[in-house]
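A.B. asks: Listed below, chain by chain, are the residues.
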Amino acid sequence: MYTVETREITFAEAIREALAEEMRRDSSVFIIGEDVAEAGTPFKVLLGLAQEFGVGRVIDTPISEPGFTGIAVGAAMTGMRPVVDIMFGDFITLTMDQMVNQAAKIHYMSGGRFKVPMVMRTTLGATRRSAAQHSQSLHALFSHIPGLKVVLPSTPYDAKGLLKSAIRDDNPVAFFEDKMMFRVKGPVPAEDYTIPLGVADIKRTGTDITLVGTSSMVQVALAAADRLAESGISAEVVDPRTTYPLDKTALIESAKKTSRAIVIDEGYNRYGVTAEIASVIAEGAFYYLDAPVLRMGAMDVPIPFSPALEDLTVPTPESVFRAATALCGRN
Amino acid sequence: MSKTTDSSSQNERFSSSGESPETDWVRFYLQMLRIRMFEEQVNELYTSARMPGLAHLYIGQEAVAVGVCEALRNDDYITSTHRGHGHCLAKGGSIDLMFAELLGKEAGYCRGKGGSMHIADQQKGNLGANAIVGGSTGIATGAALSAQMRKTDQVSVCFFGEGALGQGLLYEVMNMASIWKLPVIYVCENNMYNEYTHFRETTAGEIKARPEAFGIPAEVGDGQNVRAVYAAASRAVERARQGLGPYFLQFDTYRYHGHYVGDVDRAYYRSKQEEREWITKRDPLQLHATWLVEEGLAKRDDLEKMRTRIEAEISAGVEFATQTPFPDASEVGENVYS
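Residue numbers (the numbering used here), protein chains in the order written: chain V, 1 to 331; chain L, 332 to 669.
Be aware that a few hints might be false.
Unchecked claim - Straight-line alpha carbon distances no greater than 27 Å define the calculated DSSO-like cross-link-like pairs of lysine-lysine that follow:
#	chain 1	residue 1	chain 2	residue 2
1	V	203	V	185
2	L	482	V	115
3	V	203	V	164
4	L	512	V	115
5	V	185	V	164
6	V	248	V	164
7	L	612	L	630
8	L	482	V	164
9	L	436	V	115
10	V	256	V	203
11	V	203	V	115
What the hints contain is simulated information worked out from the structure, not anything from laboratory work.
Could you put together the complete structure from these sequences and hints?
C.D. replies: Given below as C-alpha cells:
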C-alpha cells in the first residue's frame with residue numbers, strides 16, 4: 001500500500017494536504033467557516049491555506065452556522081464545491097434545517113435536477129475537558145438522514161484519501177474528525193490517491209472476535225486487540241470508515257468468520273451507530289454467531305466536565321478488553 | 332469557471348405582441364393573467380379532488396412575481412416559497428410541467444417527487460420553492476456568493492413572505508450579504524398574514540428597519556402596482572449587477588384566498604370587508620388593465636381575448652398532466668444520491 005514516497009505526517013496535515021490539493025485541482029472548491037482564514041481554525045488544521053488561496057477562497061464568516069451552511073447549499077447548487085467548517089461537532093445542531101431539510105433533500109425533491117456537492121467538516125470526541133457542549137459525537141444524527149453521506153476517518157492516511165473523495169462527491173457529505181487525533185502521525189503517500197466512500201478497512205486481522213471501531217474508537221479497539229492477543233484471543237478490527245454508505249458486506253463477513261462481534265463508537269449508545277451496525281451484523285450473520293452482538297457507545301449522559309467523570313463516559317481499551325473476554329467466555 | 336452564455340432577457344422570449352417597445356407593459360398583464368388563471372385552475376383541481384396534497388394560491392399577489400421577474404435575465408436566480416406557483420411562471424416556467432408536477436406525474440418538473448411546494452426549474456434559474464418558511468434565504472444568498480466567485484454578473488432574488496421575518500436565518504444571511512456585497516435581492520411579500528395571524532401581532536418594529544440595520548438599502552412599494560414593483564426591482568437589480576451589494580424590497584400585497592385552499596373560514600383572522608376592499612379596489616390585474624387602456628396601449632377587447640389564449644394553454648396543460656403517467660414504483664429509490 002505504501003511506497004518509498006510515504007512520509008509520516010499528522011492527521012491535521014493530512015486534512016490540510018487534501019484540501020490544498022483539491023483546491024489546486026478544482027477552482028470551484030472553497031472553504032467557508034469561522035476563523036478558517038488567517039487563524040486556520042482553533043485547531044490550526046487550515047494554517048497556510050489562506051496564504052496560498054487567498055481569503056476569497058478561504059472565507060471567514062460571522063458566528064452564524066445556519067447562515068453560512070445555507071449559503072454553502074446555494075453555492076453548491078450553482079456550480080461551486082464548498083467545504084463548510086463547523087468548529088465543534090456539537091454545533092451541527094444549529095445547521096440541522098440546512099443540512100436535513102435542504103442539502104439532503106434537494107437532489108431528490110428536484111427529481112435529480114439539482115445537485116448539492118458540499119462537504120461539512122466538523123469534529124467529534126470527548127476527553128478534552130470541554131464539557132457537554134463541546135464534546136459530543138453526533139454523527140448518528142446525520143447518518144439517519146437519507147441524502148447525506150457520513151465519513152469517519154481514523155488515520156491520517158484515511159483522512160486524506162476520504163476527504164478528497166468527499167470533495168469530489170456530488171452529494172452533501174458530513175466529515176467528522178476526532179479532535180484528539182489531529183496531532184497523531186501516520187504514513188501517508190506523497191502521491192495523489194483517494195479512498196472510495198463506502199469501503200471498510202480491516203485494521204487488524206483476527207479469528208476469535210470482531211471489534212468494529214469507528215473514528216476515535218479504532219485506536220481503542222486496536223489497543224484492546226493487543227491486550228486480547230496477550231490473553232490468547234485473536235481479535236479482528238474492522239473500520240467501516242463511513243456510516244453511510246455502510247460496507248455491510250465487510251461487517252457481516254468478518255462476523256461470520258469470527259462468530260462474535262462488539263461495535264464500538266463514540267456516539268451515544270442509544271439509537272446510535274452502534275445499534276445500527278449491531279443490527280446489520282445480527283441480521284446478516286445470525287446463524288454464524290456464538291454470542292449476542294454487543295454495543296459500546298458513549299454513556300447516555302451529557303458529557304460531564306470533571307475529568308473524574310468524563311473519562312467514565314467513553315469506551316476504553318480496558319472496557320473493550322473486559323467485554324471481549326467475557327463474550328469469548330474467558331472471564 | 333466560465334461565465335454563462337444564456338443571458339437573453341425574459342422579455343425577448345415571451346413577447347405578447349411581437350413588437351418590441353421599450354417596456355412591453357401588455358406582456359406584464361399577460362403574465363399576471365397567466366398566473367391568475369393557472370391558480371384558478373389549481374383551485375378547481377384541488378377542490379374537485381384531482382390534485383393531491385396542499386395548494387397555497389398566489390392569487391392577489393401576481394404583480395410582485397411578475398414585476399420582479401420581468402427585471403431579471405433568464406440566467407438570474409430566484410428562490411421561492413410554499414406559495415410559489417406565481418414565481419415559477421413569472422420566471423418562465425412551463426404550464427405543462429407545472430401541472431404534471433402538481434398531479435405527481437413522472438413528466439413533472441421534479442418527476443413527481445417535489446409537488447406544489449418544491450417546484451424547481453433549473454433551465455430558468457429557479458432554485459426551487461421551499462416549504463420551510465425562510466428556508467431558502469441561505470440558498471438565494473449562496474447563489475449570489477457563487478455568482479460573485481464565478482465572476483458572472485448574475486443576480487439572485489430571494490422571495491419570501493413577511494412570515495419569514497420571524498426566522499433567524501434571514502438575519503444571518505443578510506448580515507453576510509451586506510459584508511460581502513453579494514448580488515442578492517431580498518423580496519419580502521407582505522400579504523399581512525403569517526398563516527392565520529396578522530403580522531402586526533408577530534412583528535415588532537418596522538420591516539424596513541431590519542435590512543437597514545445591516546446597511547442594506549430598503550424600499551417599501553405597492554405590491555399591487557406592477558409598474559412600481561418593476562421599477563423598484565430594476566433599481567435593485569442594476570445595483571446588484573454593478574457589484575454594489577444586496578437590496579431589500581418590501582411589497583405590500585394581499586392573498587385573496589386562504590393560507591391554503593381548505594382555509595375557507597377566515598372570519599376569525601380577517602374580515603370579509605377587508606377582503607372585498609382589496610379585491611375590488613386594489614386588484615393588480617384590474618389596476619394595470621385600466622392603466623393600459625387609459626394610456627392607449629391596449630384595448631379592453633384585446634385584454635379579454637388573452638383569456639381565451641391562456642385558457643387554451645391551461646386546458647392543454649391539464650390534459651397533458653392528466654394523461655401522462657405516474658412515476659414507476661422503481662422511481663421511489665432513485666435520486667436519493669447523485
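A.B. asks: Compare the structure with each hint and give your call.
C.D. replies: Outcome of the hint check:
Pair hint residue 203/V plus residue 185/V holds up; C-alpha atoms about 16 Å apart against a cutoff of 27 Å. A C-alpha spacing of about 21 Å is found between residue 482/L and residue 115/V, which places the hinted pair at or below 27 Å, so the restraint holds. Distance restraint check for residue 203/V and residue 164/V: the Cα-Cα separation of roughly 21 Å lies within the 27 Å cut-off, and the hinted pair is therefore satisfied. Of the supplied pair hints, the one linking residue 512/L and residue 115/V holds, its CA atoms being roughly 26 Å apart against a limit of 27 Å.
A threshold of 27 Å between alpha carbons decides the hint, and for residue 185/V with residue 164/V the separation of about 19 Å falls inside it, so the pair holds. Of the supplied pair hints, the one linking residue 248/V and residue 164/V holds, its CA atoms being roughly 23 Å apart against a limit of 27 Å. With a C-alpha separation of about 21 Å, the suggested pair residue 612/L and residue 630/L falls inside the 27 Å cut-off, and the hint holds. Restraint check: the Cα-Cα separation between residue 482/L and residue 164/V comes to about 26 Å, which is no more than 27 Å; the hinted pair holds.
Distance hint between residue 436/L and residue 115/V is fulfilled; the C-alpha atoms sit about 21 Å from each other, no more than 27 Å. At roughly 17 Å between alpha-carbon atoms, residue 256/V and residue 203/V fall within 27 Å of each other, so this suggested pair holds. For a cut-off of 27 Å, the pair hint linking residue 203/V to residue 115/V is broken: about 34 Å separates their Cα positions.
Hint violations for this structure: number 11 only, all remaining hints satisfied.
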